[in-house]
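There are 2 protein chains.
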Amino acid sequence: MPADVVSSFIASIERRDLDHALSHLTDDCEYDNVPMGKVIGRDAVRATLEPFLAQCTEVAWPVSHQVHSGNLDSGVVMNERVDRFKVGASWIALPVAGLFIIRHGQIALRRDYFDRESFTSQIAAALS
Amino acid sequence: MPADVVSSFIASIERRDLDHALSHLTDDCEYDNVPMGKVIGRDAVRATLEPFLAQCTEVAWPVSHQVHSGNLDSGVVMNERVDRFKVGASWIALPVAGLFIIRHGQIALRRDYFDRESFTSQIAAALS
Chain Y
1 MPADVVSSFI
11 ASIERRDLDH
21 ALSHLTDDCE
31 YDNVPMGKVI
41 GRDAVRATLE
51 PFLAQCTEVA
61 WPVSHQVHSG
71 NLDSGVVMNE
81 RVDRFKVGAS
91 WIALPVAGLF
101 IIRHGQIALR
111 RDYFDRESFT
121 SQIAAALS
Chain G
1 MPADVVSSFI
11 ASIERRDLDH
21 ALSHLTDDCE
31 YDNVPMGKVI
41 GRDAVRATLE
51 PFLAQCTEVA
61 WPVSHQVHSG
71 NLDSGVVMNE
81 RVDRFKVGAS
91 WIALPVAGLF
101 IIRHGQIALR
111 RDYFDRESFT
121 SQIAAALS
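Heads up: the protein sequence lines correspond to chains Y and G, in order.
In case it helps, my numbering puts the first sequence at residues 1 to 128.
In case it helps, my numbering puts the second sequence at residues 1 to 128.
A couple of the hints might just be wrong.
[To be verified] Computed Cβ-Cβ distance ranges for the label pairs, DEER-style:
#1 Y:R103 / G:V82: 21 to 27 angstroms
#2 Y:L53 / G:V82: 41 to 47 angstroms
#3 Y:D73 / G:P51: 42 to 48 angstroms
#4 G:W91 / Y:G70: 28 to 34 angstroms
#5 Y:D28 / G:A60: 44 to 50 angstroms
#6 Y:A44 / G:W91: 28 to 34 angstroms
#7 G:G70 / Y:P62: 19 to 25 angstroms
[Unchecked claim] Derived lysine to any residue pairs resembling SDA-like cross-links, with alpha carbons at most 20 angstroms apart:
#8 Y:K38 / G:S118
#9 Y:K38 / G:S64
#10 G:K38 / Y:A93
[To be verified] Short derived list, chain G residues pointing at chain Y, Cβ under 10 angstroms:
#11 G70
#12 N79
#13 I101
#14 R116
Note that these hints are calculated values from the structure, not bench results.
All values reported here derive from a predicted model rather than from experimental measurement.
Ideal Cβ positions, reconstructed from N, Cα and C, are used throughout, including at glycine.
Work out the full structure, taking the sequences as your base and the hints as a guide.
If you want it as structure tokens, here you go:
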């Protein structure tokens, strides 16, 4: 099922196993943090995620709802999550709704919707 | 299908037919604009939407993706949209991902994820 690809990707992120996480993405994956901008391609996703995950000692993306259509060749997955990152002594908690387009068993597009200021203000407080 | 309830709700909003839109909600519906706060109950949703829709001369919520699980008795629908509102001479366009919980053919919870500042800055500009 297409949702399995997304669940495995999220589990990799939670383990901060970036290589395994990136193996779920197509070479030309579009990775869009909607209010902050997008990057294209697995290498660009690595360049985005690596320094951020390096700041985190723990990561948890609990999914409250997840629905899908299609199949592994061509599928759509959406989920509602609270993405949690431990930075220093603080837990950042960001409510997110995400869209994932699956092509041939990989994520060709991931688009996360959230409130930018909710993220940036928590990061700034955690790093201060 | 639970998605039909959501599609009919959205079509009512686009017609600015608030009575028909509200008929899709349970009496105790939770209506949550995540970064701006929630209201509970059909009457509170009316009090939220009525003055806003009165400012709009046109409304369009084109859905780019919509997926669901369950059935009309107990279902989950998520969609990705760009909610467009014409205010004065300006079109406001807000990228949104939404969650809808369906109970017995009505929307018991609607939770929209978007960037608050993207919305408030466009509204302020349109009203200035």
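We went through each hint and held it up to the structure:
The supplied range of 21 to 27 angstroms is met by Y:R103 and G:V82, whose beta-carbon atoms lie about 23 angstroms from each other. For Y:L53 and G:V82, the Cβ-Cβ distance of about 30 angstroms falls outside the hinted range of 41 to 47 angstroms, so the restraint is violated. For Y:D73 and G:P51, the Cβ-Cβ distance of about 47 angstroms falls inside the hinted range of 42 to 48 angstroms, so the restraint holds. Take G:W91 and Y:G70: their Cβ atoms lie about 32 angstroms apart, and the range 28 to 34 angstroms holds.
The given range of 44 to 50 angstroms is broken by Y:D28 and G:A60, whose C-beta atoms sit roughly 31 angstroms from each other. About 31 angstroms separates the C-beta atoms of Y:A44 and G:W91, a value consistent with the hinted range of 28 to 34 angstroms. Take G:G70 and Y:P62: their Cβ atoms lie about 20 angstroms apart, and the range 19 to 25 angstroms holds. Taking the CA atoms of Y:K38 and G:S118, the gap is near 16 angstroms; set against the 20 angstroms cutoff, the hint holds.
For the hint pairing Y:K38 with G:S64, the CA-to-CA distance comes to about 18 angstroms; that is within 20 angstroms, so the pair holds. In summary, the hint linking G:K38 to Y:A93 is supported, as the alpha carbons are separated by about 18 angstroms, within the 20 angstroms threshold. For G:G70, the interface hint holds, since its Cβ comes within 10 angstroms of a Cβ in chain Y; the closest pair sits about 9 angstroms apart. Interface hint status for G:N79: upheld, as the beta-carbon distance to the closest one in chain Y is roughly 8 angstroms, under 10 angstroms.
Among the interface hints, the one on G:I101 holds; its C-beta lies about 8 angstroms from the nearest C-beta in chain Y, closer than the 10 angstroms criterion. The beta carbon of G:R116 is positioned within 10 angstroms of a beta carbon in chain Y (closest approach about 5 angstroms), and the interface hint is therefore held.
Violated hints, in rising order: 2 and 5; the structure is consistent with all others.
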